[in-house]
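Trainee: Use the sequences and the hints to build the structure in full.
Number of protein chains: 4
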Amino acid sequence: MKRRVAVLGATGIVGQRFVSLLGDHPWFELAIVAASEKSIGRKYCEAVRWVIEKPIPSSIADLELSPISNDIAKEEIDIVFTALPAEVAKDIEIELAKKGIIVISNASPMRLEPDIPLLNPEVNADHVEVIEYQRRVRRWSGAIVKVPNCTTAILTLSLKPIMDEFGIKRVIVSTMQALSGAGLTGVPSMLILDNLIPFIEGEEEKVESESRKILGYPTSDGITLNSNFVVSASCHRVMVLEGHTESVFVETVRDVDVEDLIKSMEEFKSNKIRGLGLPTAPEKPIVVRREIDRPQPRFDRMEGRGMSVVIGRIRKDYALNGVKYIVLGHNTLRGAAGTGVLIAELMVKKGLA
Amino acid sequence: MKRRVAVLGATGIVGQRFVSLLGDHPWFELAIVAASEKSIGRKYCEAVRWVIEKPIPSSIADLELSPISNDIAKEEIDIVFTALPAEVAKDIEIELAKKGIIVISNASPMRLEPDIPLLNPEVNADHVEVIEYQRRVRRWSGAIVKVPNCTTAILTLSLKPIMDEFGIKRVIVSTMQALSGAGLTGVPSMLILDNLIPFIEGEEEKVESESRKILGYPTSDGITLNSNFVVSASCHRVMVLEGHTESVFVETVRDVDVEDLIKSMEEFKSNKIRGLGLPTAPEKPIVVRREIDRPQPRFDRMEGRGMSVVIGRIRKDYALNGVKYIVLGHNTLRGAAGTGVLIAELMVKKGLA
Amino acid sequence: MKRRVAVLGATGIVGQRFVSLLGDHPWFELAIVAASEKSIGRKYCEAVRWVIEKPIPSSIADLELSPISNDIAKEEIDIVFTALPAEVAKDIEIELAKKGIIVISNASPMRLEPDIPLLNPEVNADHVEVIEYQRRVRRWSGAIVKVPNCTTAILTLSLKPIMDEFGIKRVIVSTMQALSGAGLTGVPSMLILDNLIPFIEGEEEKVESESRKILGYPTSDGITLNSNFVVSASCHRVMVLEGHTESVFVETVRDVDVEDLIKSMEEFKSNKIRGLGLPTAPEKPIVVRREIDRPQPRFDRMEGRGMSVVIGRIRKDYALNGVKYIVLGHNTLRGAAGTGVLIAELMVKKGLA
Amino acid sequence: MKRRVAVLGATGIVGQRFVSLLGDHPWFELAIVAASEKSIGRKYCEAVRWVIEKPIPSSIADLELSPISNDIAKEEIDIVFTALPAEVAKDIEIELAKKGIIVISNASPMRLEPDIPLLNPEVNADHVEVIEYQRRVRRWSGAIVKVPNCTTAILTLSLKPIMDEFGIKRVIVSTMQALSGAGLTGVPSMLILDNLIPFIEGEEEKVESESRKILGYPTSDGITLNSNFVVSASCHRVMVLEGHTESVFVETVRDVDVEDLIKSMEEFKSNKIRGLGLPTAPEKPIVVRREIDRPQPRFDRMEGRGMSVVIGRIRKDYALNGVKYIVLGHNTLRGAAGTGVLIAELMVKKGLA
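Chains as they are written, first to last, in the working numbering: chain H, 1 to 353; chain U, 1 to 353; chain P, 1 to 353; chain F, 1 to 353.
Don't take every hint at face value.
One copy or two, either will do: identical chains are not told apart, so a pair holds if it fits within one copy or between any two.
[What the hints assert, rightly or not] SDA-like mimics (lysine to any residue), calculated; alpha carbons at most 25 Å apart, straight line:
hint, residue 1, residue 2
1, K38, N271
2, K74, S141
3, K206, P109
4, K38, E87
Rather than coming from a laboratory, the hints here were simulated on the basis of the structure.
Mentor: Printed below as a string of structure tokens:
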């Protein structure tokens, strides 16, 4: 029987991606879509400014929009996906978790709290076990699990095989991020055409801290310990619709052989979720392109239905004694809603939802 | 009396910038404009696809285009500016130098040869003295002086006060470069709209090697010694008309105090050319912006008539133990023709042209 | 002695253009800049998101922003330029006119009222005489004069010589309008990149009605009579920063000879304002380009400092028995603030302000 | 059994679309892909710069590229699709037709010759009968059939129900055409960013003449007679990847009732091909959108897998006594390769190929 799910914040860009993925999902039935006040009571298809390449799932088009609130009963809904603004997310999510609902949240608050799993399943599916500790200390019958920041989700997937094979000391990352990351109306065309904006509020801090948590280790205490490398990020907005491109420089513990690294990346299947049969998991989480000028967002962002990251230009770095490369990922799929749905699938399979 | 000058490769983007700067120059008279075969004999204004914001200087519009060749007499022309493709530049430039002509070249060949000055005047005007050695060993009565690669010209100007104040160990730079850098037809719109291209042929190698030469030291031998820090670059093309933006991470020898660094940058006047009264020298070679989201190419590239670099977001870097920041410069002015003209002015003032 | 002037709505795109033109104007002193609530009391340079190619005039940068209101005394200010949203403009403008102030308004309300001059000076400077009737019936000591809709200002300037030489029966116009016409944040980049929007609210109605008023005739009653041709418009937004391009098809009364028409356009000096020495009037209100692919917004919008329209591709139209062509104009200069300032100059010269 | 087919000019944008459509076609087997000299002998996937949203069909990726020539045997290939430059197309196409091959050509030469069918199947599938006359007079055992110009294919599909219901006297069309229409490298980004180009070589003439042939009548002579309305076009390039948008003004014979017209368009199934079961035929050749701001290229171009045209903003036109509207179509699918494949399907079904 399908789990009944809800999406809070269903009309924004990430919300649209959730709706698109959940509208025909084999394991989930999207029963509630909620949006801000002005849309309540309207049909989803009439209230939304749909910008996704596929049409609105027909099962959702005529659904009436509900208010964003914690007024959702455990009997009615098993899992709530949230794509809410940071300032309203936290209280609602906590109330839902108290009621016994599983909350999978794309909002940034609480991502760094030690008892809140921050999951990028192919990288750290095992961190989901932190829920046990969370329930114990918070006395929740439900749970809150967080989806990482978009840039971080893409980055950490690329770093995982490097860490495993060669060890990481330092990471320098400079990004070229898509417009969709700022939401439907976030970047006015008058300010970005023939231009770029070398600043994204709060982004660098998120990348620097979340990366270490995701690549950290679960401990016997039930919480996770950060990995001990350091990350420095510089984040920039460019005129691309979807797909974050990241220029990454890594200082490694051991000398990198580029062909070995490519092999590790191409063979990276993630023993964390392999064999679980999660419908949203891409066959290859990492795709390596050997052309000199790839990955490129317009041509590569939909690799693995938007769930793979694409890596190219892998080369030795002589300044840092390590490796440098380009990684690209779809910021609202791999970097947001897609990873959210993948987490939900993982939890179902693990008997946690 | 004005020096008579020529521009070889006058119809390309860098050529147009040379024409625009030299058409009304107080010290120079642009007497010859040369272009590729199909344009020879046509009026400049009819053969060129002019893309510069100011009109073609009226003194040049009706000039007839000459062939690109070394068939220019010392009696006729004092200085030749070249904006030629790398594959044809070298031979022509050498022939002209033999004849006694001063060649100021934007082409990449020979930039790294130890007897060829590679000049970014505010940074290393003193390297012009290498000409003496060049003339001795090459037995030329003229000379060849090279304009740095565009990205490198912008980068090294930003690095100079850091090197002077705090010392540099390592530099990591990730760029977002303008379309004009690839020439008028270099980047087809079908391949860059809603996209970016994370590769620019030969660019990273140029940045990594030229930076060290420009920031190096003249020796008593008459040549220059490279500075001993290392540079690692990753270069990318984005959909911006003019203006290269660079995200720079610097490991310094001494601890950086951000306010001290800003002060050094704002006060940077370059004792190398200060007081020489060079017409193309910007009043402030470095402009620091304190807004959180600057510099931006569309709004800042024309700072100092395109000859200043604009630096923003200067902040400590904890991964590299140093500093990170954004620097922007106009790639065809500060990064090409503007610096070429500034070099010519320097040489006139020094009695070398 | 300079007239003291104010700009209401000084931080928007049209407001910025007014500030840029009035900051160094030989006849006017910009004494008051007013903006919406959140900016009141802040320095202009800090409150504005400046997007104009020239810097903020130094005389204005530190001016403190006032509230938008009718609380401006005749003793203090001679002329008020308004760049206000339609919904707030009307009441304020009427109150100011009652007080004896000359209001030059870029807002759409009242443009079609018979006693309100709608001025595109080179086309219908004589309509300014309608003020006499306006004052009589409204009992105002000041006056309200309207700047036309941007698309209409550009269109009517191109139509004027055709009407004079050949007579006009019908006009069909299809536009490609710049982003700036929708204001700083009007068009989100997510909705326009790799796209166009074939609708602009209220625009077609404005073009269809205002054109006939501007090209109409003053009568002995003191009001103006619409010209009797019909206009049909279709208006579309494209990804261009500044400059509206219009594809115009005109059915003429008499057969058009294309060369005669070009001559009329090139010689069009406007006997309406010729010889008045208005500083903002372009030397040539109409510039004809003979290249097959001009005018183009990026290259031609600043013609005549943004006050000329540029016409190209003038050719016979065999479907309508007339002529078709492309006209381009700068929508926030010729189509808004520039024409506003030109109107003010006209009124000063005519002794009306 | 599948027909064996070839694509000449397989690496350009239209060629890529042909390959994408034919790679998995139920009725056709793509056996030969031919390209210009520098690609001959290379694998298709290595020689092509693939820009289509779907991957290269796996059956084609490793196919070796052949030379473009008429050296194709009837025994080997039944149908040749050509996407060749106009200057080389004609001779090759004639030679192939002589040999008994069916040539479906996207090249412009011969489109207006009276014995060459110019087919937009839903509009004029019956014109295919002209082949009989063609074979008689040319003594060919094969045949040449032409795909219309892209803009014209889209326009005529929108005009067909208007002509049938209300009659057409005059058509004025002003276009905003996509970059792909100029080929992969046709429009340099430096010349179109923040710009548009109000001219497309030869395009207006094609629209004006081809439209009348397509909407004309087959006669008892075996050839077709042009419809007798007149068309005037103005064609412009804008920064959109795919999808031509056309602003159309139509003078009708009878008064248009807008709701009746919308009904005719929505019900337009084309009795010309209805019931033939052609795989590439869209279910609805015309889709009407009632939102005030549609169609838009990014969101609507893939309607009906790129084979439907999308019409919006249908409104009375009072200048022309008729109707005005916006029509959008995918220029390389409905406007080129898609219509080419649809023609081939029609011919198979009619027993002509």
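Trainee: Hints first: check each against the structure and report whether it holds.
Mentor: To see whether the hints hold, each was checked on the structure:
With identical chains, the CA atoms of K38 and N271 are never at most 25 Å apart, being 45 Å at best within one copy and 45 Å at best between copies. Only within a single protomer do K74 and S141 lie at most 25 Å apart by alpha-carbon distance; the minimum there is 10 Å, versus 70 Å between protomers. With identical chains, the CA atoms of K206 and P109 are at most 25 Å apart within one copy only, with a shortest distance of 11 Å there and 43 Å across copies. Within a single copy, K38 and E87 get their C-alpha atoms as close as 18 Å, and across copies as close as 22 Å, so both meet the 25 Å cut-off.
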